[in-house]
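Chains A and B, in that order, give the protein sequences.
Quick note on numbering: the UniProt record's numbering labels position 76 of the first sequence as 76, and the sequence is numbered without any gaps.
Quick note on numbering: the UniProt record's numbering labels position 248 of the second sequence as 248, and the sequence is numbered without any gaps.
Derived by calculation from the structure, the hints in this document are not laboratory data.
Just so you know, not all the hints are guaranteed correct.
For chains that are exact copies, the list does not tell them apart, and a pair is met inside one copy or across any two.
Stated by the list, open to error - Capping the alpha-carbon separation at 30 Å, the derived lysine-lysine pairs in DSS-like fashion look like this:
| hint | residue 1 | residue 2 |
| --- | --- | --- |
| 1 | Lys325 | Lys371 |
| 2 | Lys219 | Lys236 |
| 3 | Lys291 | Lys318 |
| 4 | Lys282 | Lys325 |
| 5 | Lys132 | Lys282 |
The structure displayed is predicted, hence computed values, not measured ones.
Number of protein chains: 2
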Amino acid sequence: MSRDAELKRILVTGGLGYIGSHVVLSLLLSGRYLPVVIDNCHNAFPEAVKRCNEIARDEMGADAPQATFHRADLREPETIEAVFAEYKAAGGIWGVVHLAALKAVGESSELPTQYYKVNVAGSISLLEAMAKNDCNNFVFSSSATVYGTPAVIPIPETSPLQPESVYGRTKAMVEWILQDICRSGTDERPSPLKAVSVRYFNPAGAHPSGKLGEEPRGKPGNLLPLLAQMAVGREKSELKVFGNDYPGSPDGTCVRDYLHIMDLAEGHVLSLDAMAVAESEKNIFSKCDPKKDGFYRAFNLGRGAGQSVLTMIAAMRKASGFEYKYEIVGRRTGDVPDLTANPALAEAELGFLAKRDLEEMCRDLWNFQTKNPNGYEQTA
Amino acid sequence: MSRDAELKRILVTGGLGYIGSHVVLSLLLSGRYLPVVIDNCHNAFPEAVKRCNEIARDEMGADAPQATFHRADLREPETIEAVFAEYKAAGGIWGVVHLAALKAVGESSELPTQYYKVNVAGSISLLEAMAKNDCNNFVFSSSATVYGTPAVIPIPETSPLQPESVYGRTKAMVEWILQDICRSGTDERPSPLKAVSVRYFNPAGAHPSGKLGEEPRGKPGNLLPLLAQMAVGREKSELKVFGNDYPGSPDGTCVRDYLHIMDLAEGHVLSLDAMAVAESEKNIFSKCDPKKDGFYRAFNLGRGAGQSVLTMIAAMRKASGFEYKYEIVGRRTGDVPDLTANPALAEAELGFLAKRDLEEMCRDLWNFQTKNPNGYEQTA
Ligand SMILES: NC(=O)c1ccc[n+]([C@@H]2O[C@H](COP(=O)([O-])OP(=O)(O)OC[C@H]3O[C@@H](n4cnc5c(N)ncnc54)[C@H](O)[C@@H]3O)[C@@H](O)[C@H]2O)c1
Ligand SMILES: NC(=O)c1ccc[n+]([C@@H]2O[C@H](COP(=O)([O-])OP(=O)(O)OC[C@H]3O[C@@H](n4cnc5c(N)ncnc54)[C@H](O)[C@@H]3O)[C@@H](O)[C@H]2O)c1
Numbered sequence: 001m002s003r004d005a006e007l008k009r010i011l012v013t014g015g016l017g018y019i020g021s022h023v024v025l026s027l028l029l030s031g032r033y034l035p036v037v038i039d040n041c042h043n044a045f046p047e048a049v050k051r052c053n054e055i056a057r058d059e060m061g062a063d064a065p066q067a068t069f070h071r072a073d074l075r076e077p078e079t080i081e082a083v084f085a086e087y088k089a090a091g092g093i094w095g096v097v098h099l100a101a102l103k104a105v106g107e108s109s110e111l112p113t114q115y116y117k118v119n120v121a122g123s124i125s126l127l128e129a130m131a132k133n134d135c136n137n138f139v140f141s142s143s144a145t146v147y148g149t150p151a152v153i154p155i156p157e158t159s160p161l162q163p164e165s166v167y168g169r170t171k172a173m174v175e176w177i178l179q180d181i182c183r184s185g186t187d188e189r190p191s192p193l194k195a196v197s198v199r200y201f202n203p204a205g206a207h208p209s210g211k212l213g214e215e216p217r218g219k220p221g222n223l224l225p226l227l228a229q230m231a232v233g234r235e236k237s238e239l240k241v242f243g244n245d246y247p248g249s250p251d252g253t254c255v256r257d258y259l260h261i262m263d264l265a266e267g268h269v270l271s272l273d274a275m276a277v278a279e280s281e282k283n284i285f286s287k288c289d290p291k292k293d294g295f296y297r298a299f300n301l302g303r304g305a306g307q308s309v310l311t312m313i314a315a316m317r318k319a320s321g322f323e324y325k326y327e328i329v330g331r332r333t334g335d336v337p338d339l340t341a342n343p344a345l346a347e348a349e350l351g352f353l354a355k356r357d358l359e360e361m362c363r364d365l366w367n368f369q370t371k372n373p374n375g376y377e378q379t380a
Numbered sequence: 001m002s003r004d005a006e007l008k009r010i011l012v013t014g015g016l017g018y019i020g021s022h023v024v025l026s027l028l029l030s031g032r033y034l035p036v037v038i039d040n041c042h043n044a045f046p047e048a049v050k051r052c053n054e055i056a057r058d059e060m061g062a063d064a065p066q067a068t069f070h071r072a073d074l075r076e077p078e079t080i081e082a083v084f085a086e087y088k089a090a091g092g093i094w095g096v097v098h099l100a101a102l103k104a105v106g107e108s109s110e111l112p113t114q115y116y117k118v119n120v121a122g123s124i125s126l127l128e129a130m131a132k133n134d135c136n137n138f139v140f141s142s143s144a145t146v147y148g149t150p151a152v153i154p155i156p157e158t159s160p161l162q163p164e165s166v167y168g169r170t171k172a173m174v175e176w177i178l179q180d181i182c183r184s185g186t187d188e189r190p191s192p193l194k195a196v197s198v199r200y201f202n203p204a205g206a207h208p209s210g211k212l213g214e215e216p217r218g219k220p221g222n223l224l225p226l227l228a229q230m231a232v233g234r235e236k237s238e239l240k241v242f243g244n245d246y247p248g249s250p251d252g253t254c255v256r257d258y259l260h261i262m263d264l265a266e267g268h269v270l271s272l273d274a275m276a277v278a279e280s281e282k283n284i285f286s287k288c289d290p291k292k293d294g295f296y297r298a299f300n301l302g303r304g305a306g307q308s309v310l311t312m313i314a315a316m317r318k319a320s321g322f323e324y325k326y327e328i329v330g331r332r333t334g335d336v337p338d339l340t341a342n343p344a345l346a347e348a349e350l351g352f353l354a355k356r357d358l359e360e361m362c363r364d365l366w367n368f369q370t371k372n373p374n375g376y377e378q379t380a
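Between the sequences and the hints, there should be enough to build the whole structure, so can you do that?
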C-alpha cells in the first residue's frame, strides 16, 4: 500500500449509499484519491464498501487502493471529528464529498425537523469540522430540485433557486451557506474554502460488474429501481404513472434527465481534479470575484436529454423482458413537468460528459438486479 | 410562590441579552407567565436576571414570580434537553421565546459558519427538543433585515424575504424552517407546532427604573447605545455617520424605525397571549390553511415612524446634554436607506401598539446609562 501516500485522502459522507458507493469506486479507480467513507447506515449497508474494494482489486490488481469505512453520524459532530483526528498524523483529509442526507421528497414534508437536522445542521457541523482540520475542498451533492419549476428548459445553472419542497429547501440552504462561507473573511484573510455544488439530475443504472448498485433499505422511491424490483419479482405493488397531460412531453408523462450512475460518479472525480489545479494556473475559480462569489461554483450533472416516464418503462421492458402493467392516475402534487439539464457548463469547465446511454443504464441496472435479487445482505 | 403553579412556564433563550432581559421582565410583570432563562453568557451577564426579579418584586411585592437562570448553549443540545427535563415533573414548559443568536451583521460575513451554527443549527436543535417534550408554542426573534432592500415603505409583512447579509439569511432560514415544520405532518396528524415570527425594527431605550438596559460585552454595535456610552464618557471613539445622500430621508441619512424596548418586550407577551387562545375560538391562526401555511404567522414589531440618524443624534443630545461631534463619511456597504415598518397587522391581530415615543426612549436610555456608567458587572 506504499503508493497510498501519494493519493489524496477524500472523506465521502454517505459513501455507502447509491451514489456515494459509486463515487467511492470511481475515486479508487482514478488512482488519484483514497476514499474514507462515513455513514450511519440509515439507508445503506457496510457491504457496499467491501464491494467497491473488491471491484478495485478486480480491475487494478492486488495492490489497488482500498476504501475504509467508519460508522459516524452527521447529527453527532464528535463522531465526525474523530475521523478527522484519526487521519491527522497520516497526512489528513484533503477534501470532502458530502453525500449523506435524507432524500425522500414526500417524507421531507412529514418530517421536516429531521430533514433540516441531518441535511442542514449536519452540513454545518461538517463544515465546522473541516475548518478546524484545515480541510478546504468540498464537493456537495445538490439536486435539480433546487430549481423548483424552472422557466427555461434545458435548465442552465443561472436559473434561480426556488425549491418547492422541504427536501429541496434543505439543499438550497446548504448551497447558500457554502457560498457565504466561500466569500467570507477579510481581504487579508479570505476564506480558504473551495466548494463545488453538483446538481444531480436523475442517476440510474449500476456498475457494469453487477456487484454494485442501488440497494436502499425499504421500498425504492425512484422509478428505475422500482421497475427493476418489479421485474425480478421483489416488489409486488402496482405501477402508477402520475399524469399524462403534461404539455411539452412526447406522451404527456413527466420528463426527467437520466444519466448513468458511473457518469455521475465520475463527475465527482472531475470536480476534485478541478479543485486540485494550482491557484496560479487557470482553474474553475479563476473568474470568481473573491468578495462576491468566493471560490464557489455550481454545476449541473445531467445528460441534457429528457426522457418521459413511458419511455423509461419501455426501456426497462426491453432490458428485462418484463411486461409492465401500469395505470395512469392523476398528477401528483409537487411533480415538475420537465427537469432536463443544460450540461454545457460542466462539459466546458469540468470536462464532464455523460456518455452512457439509456440502454446501457437499463442493461446495467438489470444486470445488478438479477445478480442481487434480494440485495446485498442476502448475498454477502 | 403558590400562584406560580397557575403561570405558564416560558423558556426564554438569550434571556440575559438586551431584548431577552426586557422580555423576561414583561413576562414577570404580566402575571401570566413564568420565565426560565437559558443563555451561554456570550454577550450578556447573569446579573440581568437578578435585576428582572428585583424589578418584579419592586412592582408586584415580595411574592412576585421570579425567573430562573440556566447556563446552556444552543450548540450543545444536551444542555437544552436538560432544562426541559428539569421542569418536566413540575408541569413542563408551555412555550419558548427564542432570542439567543449572534447578531452582528458585519461579523456575520466574517464568521458565517459560527452564525449558521448558532442561529440556524441551534434553532433546529431547539425545535427538536421542543417536539420531544411536547412543547408547541414558539415565538421567534426575527428581524426587519429579512426584507433586504424592500420595494414598499412602510414595509408590510407580505414583502418578500430577500436578506442581503449572512445574519439576515440565518433569520430568513429559520422563518422558512418554522413554516415548513408548522405545515408538516399528515391530515390525520398535523404538526402540533404553533409559531410566530416577530420581525423587530430598531429597539431602543431601557426599563424606566434604570435597573435594566442594554449591556453588551464589548463595543456596542448599534447607534443609540453608542451615543449613550459616548455621552457618559465610556466610549471614546469618533462618531461617524455613513452617508447623507440617501434619497427620501429628511436630511439624507439612513432612516430606521425605533421603538421602545418595553413596547417590543410587551409584543412577546401579546404573541404568547394570542397563541394561548383556544383553537375553538377566533385566533391568529383561524385563517391559516393547515397544509399551505400551518399555524405560522409573522408580524412586524415597529412604530411605523422612521427616524434619520441625525434626528436620533439630536434626540440623544437633548436627553443627555452631550454635544456630539460627528463626521459624515461615505455610505457603508450593506446599509439599506429606509427600514420603516407597517405595523398595522400586529396592531389588528395582536393588539400591539408601540406607544412610547422617541423622547421616552432617549430619556430611559440615558437614565440607565447614568445609573450604570460602567455596566452591570461593576455595580453588582
Ligand atoms: N438519488 C437521486 O436521485 C438524487 C438526486 C439528487 C440529489 N441526490 C443527493 O445525493 C446524495 C446521495 O443520494 P443517494 O441517492 O445515494 O441516497 P442514499 O440514501 O442511497 O445515500 C445517502 C447516504 O447517507 C447516509 N446517511 C443518512 N443520514 C445520515 C447521517 N445522519 N449521518 C451519516 N450518514 C447518513 C445513508 O445511510 C445513505 O448511505 C444525497 O445527498 C441526495 O440528496 C440524490
Ligand atoms: N437588537 C436589535 O436591534 C435586534 C433587531 C432584530 C432582531 N434582533 C434579534 O433579537 C434577538 C436578541 O437580540 P439582542 O439585541 O437582545 O442581542 P443580545 O446579544 O443582547 O442577546 C442575545 C443573547 O443570546 C445569547 N447567546 C448567544 N449565543 C448563544 C448560544 N449559542 N447559546 C445560548 N445563548 C446564546 C447571548 O449571550 C445574549 O445574551 C437576537 O435573536 C437578535 O438577532 C435584535
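Taking the hints in turn, this is what the structure says about them:
{"no.": "1", "hint": "Lys325 with Lys371", "in the structure": "within (24 Å within a copy, 82 Å between copies)"}
{"no.": "2", "hint": "Lys219 with Lys236", "in the structure": "within (10 Å within a copy, 67 Å between copies)"}
{"no.": "3", "hint": "Lys291 with Lys318", "in the structure": "neither (52 Å within a copy, 41 Å between copies)"}
{"no.": "4", "hint": "Lys282 with Lys325", "in the structure": "neither (53 Å within a copy, 51 Å between copies)"}
{"no.": "5", "hint": "Lys132 with Lys282", "in the structure": "within (28 Å within a copy, 52 Å between copies)"}
Hint compliance for this structure: hints 3 and 4 are broken, all remaining hints hold.
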